[in-house]
Amino acid sequence: MEFILDTLNYFSVLMLVVLGLVVIFGLMNVINMAHGEFLLIGAYTVVAATGAGLNFWVGLLLAPLVAALVGLIVEVLVVQRIYHRFLDTILATWGISLVLKQSVILIFGPTAQSVPNPLPGSMSVFGVDYPRMRVVIIVAAISLSVALYLALFRSNIGLKLRTVIANRDIAAALGLNTRAMDRASFSLGVALAGFAGAIMAPVMSVDPQMGVGFLIPSFLAILLGGVNSLIGAVVGVGAISGATNFISVWLSQADTQIIVFLLAMVVIRFFPEGILKGRKK
Amino acid sequence: MTAVRRHGLFLTIAIWLVLLLAGLVVDEWVLALLATYFAYGIFAMGLSLIWGQAGVLSFGQAIFFGAGAYSFALVTLGMLPWLGDSIAMGFLLALAVPTLLSGLVAWVTFAGRGLSGAHFAIVTLCAAAVAETAVTRADFLGGYNGLFGVPPMMIGGEMLEVSAQYFIMLLVALGVFAVLSLIIRSPYGTLLQAIREDENRVAHLGYDTRWLKSVAFIIAGALSGLAGALFAMQFGFVSPSLVGFALSTQVLIWVAVGGRSVLMAAFLGALIVPGAENTLSNILGDIWLLLIGALFVLAVVASRNGVLGALLRLPDPERFGRNADSETQKG
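So the protein lines, in turn, are chains Z and R.
Letter by letter, the first sequence follows residues 1 to 281 in the UniProt record's numbering.
Letter by letter, the second sequence follows residues 1 to 331 in the UniProt record's numbering.
Quick caveat, the hints were computed from the structure, so don't treat them as lab data.
Any given hint could turn out to be false.
Claimed, not checked - To spell it out: a stretch of chain R is covered by chain Z in this simulated footprint if at least three of its residues, at any positions, have a beta carbon under 8 Å from a beta carbon of chain Z; those stretches are:
{"id": "1", "region": "119–131"}
{"id": "2", "region": "134–145"}
{"id": "3", "region": "249–256"}
{"id": "4", "region": "283–293"}
Stated by the list, open to error - Negatives, chain Z to chain R, calculated, CB over 10 Å:
{"id": "5", "residue": "Met1"}
{"id": "6", "residue": "Asn55"}
{"id": "7", "residue": "Arg154"}
{"id": "8", "residue": "Ala239"}
{"id": "9", "residue": "Ala243"}
All residues carry an ideal CB built from backbone N, CA and C; glycine is no exception.
Whenever a hint applies, use it, and build me the whole structure from the sequences.
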């Protein structure tokens, strides 16, 4: 049972990170190398908020707002100029990640910060004592995924958003404000990353490098499941987190990572469109 | 062919002459530094071939650089006894291993319909991360600490003077530049550029784009290996950081800031950016990385030719009956 919970825990953490990437990479086709640094914005918002004497939960609410603002600035300054240059988005967002990481270092210093755990102690889950904060993260990941699915694929605004992405010119001809849609979806993606960073802040060490480790597994998860698909991302995250936890029973963390990445690359090689090829949701 | 369009040629020649003269007048410490950067420059020119010309964005080019550096170190330190410990054998292995590795990567990734640009970039990025972790874990390769005591440039058992080393590095760089220029300006180079602009169209004309891209990728890989070996020789030791993610992205920055599609601009980018980093990072500290990030974003967004690309672009090659309409070839 504890094995299942640990897998579910890693799944939830990765899923939270991937949600923002689904919007920015999966839907908007911007290969966002700064995603790890967008997490930092959320995490450090919580650091600043708790440092200023605010409650953790207030910080958790502030984090996606601050992140959305940064996302808006980044979109207006940089990303809007390169939507049509697919490969260049990798480079530009890589530069953005350098700028963001250095800004964080300049403001907060290079050392790790700690955020007090708002829910210390553990609770009983199906007969297992499990840390309460981790349970909160699992619940948040699942409910946020469902909410994002409903918002993107079952709501009117989600339909408009996907219209703009599917065919910008026709969307504009239909009277949709494509620029506003672009700004909104990019900011939404960054806000989701900011939220992920914020909610994880109490259970991880918050330092300027914390985002880097998430970048590759989250991209692999999206490619595994198939770009342009939220269910695919869930499957991809499930595959990565399941394989990681399964293999780490026998091997060290580094060796596990090598094997999982290699496996993922082989799968992507043979299923370039994802294991759920054909599904569009 | 107007005078204006030749300025790239004159500037390119002038820069090589300046670098040659520098070997006579500049003090030894700077020369040694520059000689190390020439290894970066060769690395950058290889990347310029595959990325700037063919449009294949490789995020794992340091795998081949590191493979070259480690191969060279293993041979010259005598850790592969059946190969001997000569410098020549070191270079041979430093070319062979990255060639094989890049051939393998090309075979895996370009096969069939191949991976699209973004998929290729992300897969090579992961490959670099895997390679770095693997090298860190490999005790035979010195693990996290790397391998020390890689012998410097020697002829007949004598260590060469710094200025002699400088000239040798310069000549190798010039040779690589000349060979790559010939490749880029050949009909094959034109095909690579056509693949960059529209791969499907080239495929529909009956060309095997997978094969064309693989050849360029293998040449780039071999050059990266050569650069790695030269770097190991100049630097004296190799470490896992030569293999992974960080160096792979740094070389992208150098090439993008210099100018990805112009060989000389990519080469200079690899001299100027690390050079500026060396001098400015002491003064500016963490602000330097912020600046280079911003400059990189600017170089990517504002111009595909980087800072130097437009200045150093060579005139188009003159082929039979083609020089009249060469004006229209430019994108």
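Quick rundown of the hints versus the structure:
Three residues within the 8 Å Cβ limit are the bar, and the region 119–131 of chain R against chain Z gives 9, so the coverage statement holds. Coverage of the region 134–145 of chain R by chain Z holds in this model, with 3 residues showing a Cβ closer than 8 Å to a Cβ of that chain against a need of three. Residue count for the region 249–256 of chain R with a Cβ under 8 Å from a Cβ of chain Z: 4. That meets the three needed, and the coverage hint holds. Under the rule that three or more residues need a Cβ within less than 8 Å of chain Z, the assignment of the region 283–293 of chain R holds, with 6 such residues.
No beta-carbon of chain R is positioned within 10 Å of the beta-carbon of Z/Met1; the least distance is around 31 Å. Its beta-carbon lying about 31 Å from the closest one in chain R, Z/Asn55 satisfies the requirement of being farther than 10 Å from that chain. With a closest Cβ-Cβ approach of about 28 Å to chain R, Z/Arg154 is found to remain outside the 10 Å limit, as its non-interface label requires. With a closest Cβ-Cβ approach of about 14 Å to chain R, Z/Ala239 is found to remain outside the 10 Å limit, as its non-interface label requires.
Listed as a non-interface residue, Z/Ala243 keeps its Cβ farther than 10 Å from every Cβ of chain R; the least gap is roughly 14 Å.
Violated hints for the displayed structure: none, as all numbered hints are satisfied.
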